[in-house]
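> Model the placement of chain W on the given structure of chain V, informed by the hints.
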Amino acid sequence: MNNNHIENTKIRVTDLTFSYRGRRILNGMNENFEEFAVTAIVGPSGVGKSTLLMTLNRLWENIPRAQLSGRVEMKLGGRLMDIHDSSISPSHLRKLVGTVFQKPNPLPMSIFRNVAFPFKLSGEKDKKLIDRKVEEALRKAYLWDEVKDRLNHSAFALSGGQQQRLCIARSLVLEPEVLLLDEPTSSLDGKAAEVIEELILHLRERTTILAVSHYLDQVKRIADRVVRFSEEKEIM
Amino acid sequence: MRAVKETAVERALLLSTIVSGSITLIIFGFMLFMALPLLGGGKIFQIFVGSWSPGDGSYGILPMTVGTLAISFLSVTISFPMSIGCSSFIGVLGPKRSGRYLKRIVQMMTGIPTVIYGFVGIFLLVPIVRGLASGGSGMSVITAALMLSVLISPTMVLFFNDSFERVPASYLDAADGLGASNVQKLVYVVLPNAKKGIIIGLILAFGRALGDTLVALMIAGNSTQIPGSVFDSARALTAHIALVIAADYESLEFKSIFACGMVLYLFATAIVIGVRYFAFTDRETR
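Top to bottom, those sequences are chains V and W. Heads up: the first sequence begins at 0 in numbering that gives the first Met the number 0, then just goes up one per residue. Heads up: the second sequence begins at 0 in numbering that gives the first Met the number 0, then just goes up one per residue.
So here's chain V without its partners, still in its complex pose (with noise of 0.2 Å):
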């Protein structure tokens, strides 16, 4: 592996293994995701995609009798480490790996309360700065100028589509380097699904983006890499 090929490296999966409950589902993985780019992660269903964004954010650990080996390794402040090493805690290294999950989540809370969120989680008091941040992730969620009028509503009063952005702008709220997305837009309409994707573009100048899709032309159209997944798993 060359040195130019490591500086773009923003996460290295090394020999990764996982298995629940005596079931080998990631079998001794090594793959390499550059920084700011999208790495689309395709393949038949129950082959592990979702699995090992569960591994590089540590949710994995939820899970009883789940058993992982290997390495992950991720880039921060500038330098590959371990994420299971014992100086990064979960919930830090969560708040630097935002995860959107297949299905919107929102919390029962208005829209703003859900966003501001993670700050809440953070222990961070400053109204202001709250307010600003809120503003920004919403608008960089492109759900901004859809919810400024009502950002005390309840979220559930918001369509599929708009909840999965605002569960996008939930995880951006804290700027985290690396978006895991796991299937963000499988249970959207065409429409709401083309706005996502358009999100999904402009936010990898700044991010570093694991997709997971079923979707080959979305795949083409947003990303730079693809990973596909099988029962050996290849690179295209």
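Simulated from the structure, these hints should not be mistaken for laboratory data. Accuracy of the hints is not assured; some may be wrong.
Said to hold, decoys possible - Simulated crosslink set (DSS-like; lysine-lysine; CA at most 27 Å straight-line):
(1) Lys94/V <-> Lys95/W
(2) Lys74/V <-> Lys94/V
(3) Lys94/V <-> Lys139/V
(4) Lys119/V <-> Lys102/V
(5) Lys190/V <-> Lys102/V
(6) Lys119/V <-> Lys195/W
(7) Lys74/V <-> Lys139/V
(8) Lys102/V <-> Lys194/W
(9) Lys102/V <-> Lys195/W
(10) Lys124/V <-> Lys194/W
(11) Lys119/V <-> Lys94/V
(12) Lys124/V <-> Lys147/V
(13) Lys94/V <-> Lys124/V
(14) Lys94/V <-> Lys147/V
(15) Lys119/V <-> Lys132/V
(16) Lys102/V <-> Lys95/W
(17) Lys119/V <-> Lys194/W
Frame of chain V, contents of chain W only:
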């Protein structure tokens, strides 16, 4: 044919609803009828707010009502934080395996007969309270409340735990994805979304404490005075019924147990209304 069957089933269900609803009302009517000799002649006010002194012709049940409420409120106050802590450990904070075992133990505790709690209270708790109160019998409001808090805790824990489990997984996923710690998940996601279940559990546990007879009878001391402090002896309505039931059937003393029954009935009705109110709003907001 199918329509006839459906009509028959509907009518059978309606009949059973009317019968069970009527039985409840009949019970109240029966108690009212039995207590009439006490309540007649403008004495109704005296019965419910007067003191208990049968020698002077006073059959007021206010001390017992106050005793019941004092013991029940105190027991719920003691057991609520314990139960929230325990259910939080089972459902959110503790390792899944430990939580599972702990839940089984709590489930087992619901099956322990009340009299066992009474014994434990007499032989373990009463001497401790006697020491703390520097004298007296040790049988007091706080003794009964402490023991009752242990008795009602499993009800609360299991109810709280159920309401924690009903918090949608998507909320927990969202919190996990944003880097919430387990404590943050509990405080910001689980507890606010399980609030109604917690209130219902609290009301039901309060009902259990109100209706308990043996613990109050065995360790509250059964004094017929209004307790002035938690270290004073008190008599609960249920204990009063148990103690006076052996009196002469025709005596006014005996009739007083029906007035106690009416007060307990009204408390139980208030609890049912409370639970239904919160259960209804719970469904509406989902």
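> The structure should be examined with respect to each hint, and the outcome stated for every one.
Verification of the supplied hints:
Distance restraint check for Lys94/V and Lys95/W: the Cα-Cα separation of roughly 25 Å lies within the 27 Å cut-off, and the hinted pair is therefore satisfied. Between the alpha carbons of Lys74/V and Lys94/V the distance comes to roughly 14 Å, so the proposed pair stays at or under 27 Å and holds. Distance check on the hinted pair: Lys94/V and Lys139/V sit about 17 Å apart at the alpha-carbon level, within 27 Å; holds. Proximity of Lys119/V to Lys102/V is assessed by CA-CA distance (about 23 Å); at most 27 Å being required, the pair is judged to hold.
Distance hint between Lys190/V and Lys102/V is fulfilled; the C-alpha atoms sit about 16 Å from each other, no more than 27 Å. Distance restraint check for Lys119/V and Lys195/W: the Cα-Cα separation of roughly 23 Å lies within the 27 Å cut-off, and the hinted pair is therefore satisfied. Using a Cα cut-off of 27 Å, the hinted pair Lys74/V and Lys139/V holds, with the two alpha carbons roughly 24 Å apart. A C-alpha spacing of about 25 Å is found between Lys102/V and Lys194/W, which places the hinted pair at or below 27 Å, so the restraint holds.
Proximity of Lys102/V to Lys195/W is assessed by CA-CA distance (about 26 Å); at most 27 Å being required, the pair is judged to hold. Under the criterion of a C-alpha separation no larger than 27 Å, the hint pairing Lys124/V with Lys194/W is consistent with the structure, at around 25 Å. Taking the CA atoms of Lys119/V and Lys94/V, the gap is about 12 Å. The hint holds against a cut of 27 Å. Of the supplied pair hints, the one linking Lys124/V and Lys147/V holds, its CA atoms being roughly 22 Å apart against a limit of 27 Å.
Our distance criterion of 27 Å between C-alpha atoms is met by Lys94/V and Lys124/V, whose separation comes to about 17 Å. Distance restraint check for Lys94/V and Lys147/V: the Cα-Cα separation of roughly 25 Å lies within the 27 Å cut-off, and the hinted pair is therefore satisfied. Pair hint Lys119/V plus Lys132/V holds up; C-alpha atoms about 13 Å apart against a cutoff of 27 Å. Among the hinted pairs, Lys102/V with Lys95/W is consistent with the structure: their alpha-carbon atoms are about 26 Å apart, no more than 27 Å.
The suggested pairing of Lys119/V with Lys194/W holds, with an alpha-carbon distance near 20 Å, which does not exceed 27 Å.
Checked against the numbered hints above, the structure breaks none of them.
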